[in-house]
Amino acid sequence: MSIEVKNVNKRFGDFVALDDVSVSLPTGQLTALLGPSGGGKSTLLRIIAGLDSADSGTVSIEGVDATHLPPQKRNIGFVFQHYAAFKHMTVAKNVAFGLEIRKKPKPEVERKVAELLDLVHLSQFAGRLPAQLSGGQRQRMALARALAVEPTVLLLDEPFGALDAKVRKELRDWLRRLHDEVHVTTVFVTHDQEEALEVADEIVVINQGRVEQVGAPDALYDAPANDFVMSFLGDVTTLGGQLIRPHDIELDVLPGEPGAVEGVVSRMLRIGFEVRVTVLTDNGEVVTVELTRTHARRLGIAEGTTVYMSAVMGATRV
Amino acid sequence: MARRLSERQRERGTSSGAGRERRSRRAQRASAAVGRRNPALTWGLRVLVVGYLLMLVLWPSWYVVQHTFADGLTGLRTALQDPDVQHALVLTLEVSVAAVLINLVFGVGVSLLLVRYDFWGKRALSALIDLPLSVSPVVVGLALVLVYNGRYGWFGPWLEAHGVQIIFARPGMIMATCFVALPLIIREVVPVLEELGDDQEQAARSLGASGWQTFWRITVPGIRWAIVYGVVLSLARSLGEFGAVKVVAGNVAGQTQTATVVVQQKYQNFEQATAYSVSFLLAFAAVLCLIVVALLRPKGVEGKR
Chain S
1 MSIEVKNVNK
11 RFGDFVALDD
21 VSVSLPTGQL
31 TALLGPSGGG
41 KSTLLRIIAG
51 LDSADSGTVS
61 IEGVDATHLP
71 PQKRNIGFVF
81 QHYAAFKHMT
91 VAKNVAFGLE
101 IRKKPKPEVE
111 RKVAELLDLV
121 HLSQFAGRLP
131 AQLSGGQRQR
141 MALARALAVE
151 PTVLLLDEPF
161 GALDAKVRKE
171 LRDWLRRLHD
181 EVHVTTVFVT
191 HDQEEALEVA
201 DEIVVINQGR
211 VEQVGAPDAL
221 YDAPANDFVM
231 SFLGDVTTLG
241 GQLIRPHDIE
251 LDVLPGEPGA
261 VEGVVSRMLR
271 IGFEVRVTVL
281 TDNGEVVTVE
291 LTRTHARRLG
301 IAEGTTVYMS
311 AVMGATRV
Chain G
1 MARRLSERQR
11 ERGTSSGAGR
21 ERRSRRAQRA
31 SAAVGRRNPA
41 LTWGLRVLVV
51 GYLLMLVLWP
61 SWYVVQHTFA
71 DGLTGLRTAL
81 QDPDVQHALV
91 LTLEVSVAAV
101 LINLVFGVGV
111 SLLLVRYDFW
121 GKRALSALID
131 LPLSVSPVVV
141 GLALVLVYNG
151 RYGWFGPWLE
161 AHGVQIIFAR
171 PGMIMATCFV
181 ALPLIIREVV
191 PVLEELGDDQ
201 EQAARSLGAS
211 GWQTFWRITV
221 PGIRWAIVYG
231 VVLSLARSLG
241 EFGAVKVVAG
251 NVAGQTQTAT
261 VVVQQKYQNF
271 EQATAYSVSF
281 LLAFAAVLCL
291 IVVALLRPKG
301 VEGKR
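Which chain is which? The protein sequence lines are S and G, in order. Sequential numbering from 1 applies to the first sequence in my numbering. Sequential numbering from 1 applies to the second sequence in my numbering.
Heads up, some of the hints might be wrong.
So, partial list: chain S residues that the calculated Cβ filter (under 7 Å) puts toward chain G [unchecked claim]:
id	residue
1	72
2	78
3	80
4	86
5	88
6	97
7	98
8	101
9	105
10	149
For lysine to aspartate or glutamate, the following EDC-like pairs were computed, each having C-alpha atoms within a straight-line distance of at most 16 Å [stated by the list, open to error]:
id	chain 1	residue 1	chain 2	residue 2
11	S	169	S	194
12	S	87	G	199
13	S	112	S	150
14	S	166	S	115
15	S	87	G	195
16	S	112	S	100
Computed far set for chain S versus chain G, every beta-carbon distance over 10 Å [as the list claims (entries may be wrong)]:
id	residue
17	9
18	161
19	258
20	292
These are computed hints drawn from the structure, not numbers from a lab. Since the structure is predicted, the reported quantities are computational estimates derived from the model, not experimental observations. Just so you know, even glycine gets a beta-carbon here, dropped at the ideal spot from N, CA and C.
Produce the complete structure using the sequences and hints provided.
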């Protein structure tokens, strides 16, 4: 295990940011710390980096107790949401910073910087100032800068949070590919479950200062430990008093299955290829069901139609 | 206990951004209002403002220049040959440069403390720093004399027993000058530090830079124009200080007389030509400082962002 966090507590005044958090993050993997804003995930990342200190508990990185080490002695790479570019230095100088601090010989620095700029596709911008780059380019520069010092762990704090949706998606794919090439242990913070599910090998769900669940994306999606994880990872609705995903409900106009719940369609909303149906059951439950447009047409349902709902085989329910 | 303030700064950053917007909108409205005014009133106001500046600043200043060069360069030459004047000018420069250097180190340090750390009594300290702007320099001088004089001051007798004379000597003059110019660098550096935030500093730390390396490689380049501007202002202020230094220095010609004190003394001794010449030199130095600032200012604000 690369990063071992044990019994960490952190308060900001009366606010409990982390409540006895223990978590192990595996070597060489891409781990996401996922949770709502203010849940404590950034605080945990900053404590791992040494930018904040825990009130109690320990942090070890690759077997070394780092609890009381200052950030510059932890051999980490940190990428900030707002890039934290060194404004007065060129792109190449930004990337070279960590190497120059380490007093590496000049030819080595130059070679390494050229290599990294190539990796993040910024070679032609080496001589520019950060102000002359777009947000996505600045964040790639920040990544190259963090990777330059060959960190034991790479920590990213909502790295794509300040970018627009399209660039965000591009950089997300790119980060995944980069990680497959570089293999450095990477931890990134996000509040976007899609981002976590798509990019991470492992997800740590954090809410209200506590770890709710740790696991692979599929495991979390298919077997959520509780209501919170279930509802945070995707859309949910209730059927027969249980949480269920709207696309895990089978809809029929005939009372086929025994135990199917009867209801009346109160609203239909078409979004592209899918149809979102709101069904009112006899005992007053409001159920949302998602099905494809073709399926809905085949069933011939409309507002006011009586339908029967049952969970599909293998549906996730909490 | 000193907690980092990044979040709060970010909040303040956004609020000041909104303030700027509001201000620029107000400015637009104001200019629109001026456009609607009748020309007679506009011209009247202009004449009033120009006249006010003329009577208060330009005319008197011009008189000094005129009197300095009344006999060509003779006045200036005579003044510069006077050993008292020579000594005073050198002393003024020495004291000013020393005071500016001290204020530079102290000012940048206090600015960092005020912006980057949270501690008990921070607001009180911040308010205290503005004190020299509101207190009369003569009072400052007197206060220093009371504390440091060799006969009945708090520290004076002890220091004098150990061979350190503060009052009626250079240390006292430097202290007085430091005091009056104290807020100038801090008030320049603090807002720039606030705007800069500490993201870059944290990034540098995470990349392996020590606190000292971070300060020199990241913080100083970020605030360098504010420092230059503050230094020039402090220098101008220090060169022109009169009251505090006069009380502390004891006014011994050729020993503890600064340029401003010489002006007063020469004027009272009916050596007007010399007084005007030294005044001219002081005013010239001040104008030079302002020109330097004016040349630096736009570069510091726009060119570097």
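Which hint numbers doesn't this structure obey? 9, 14
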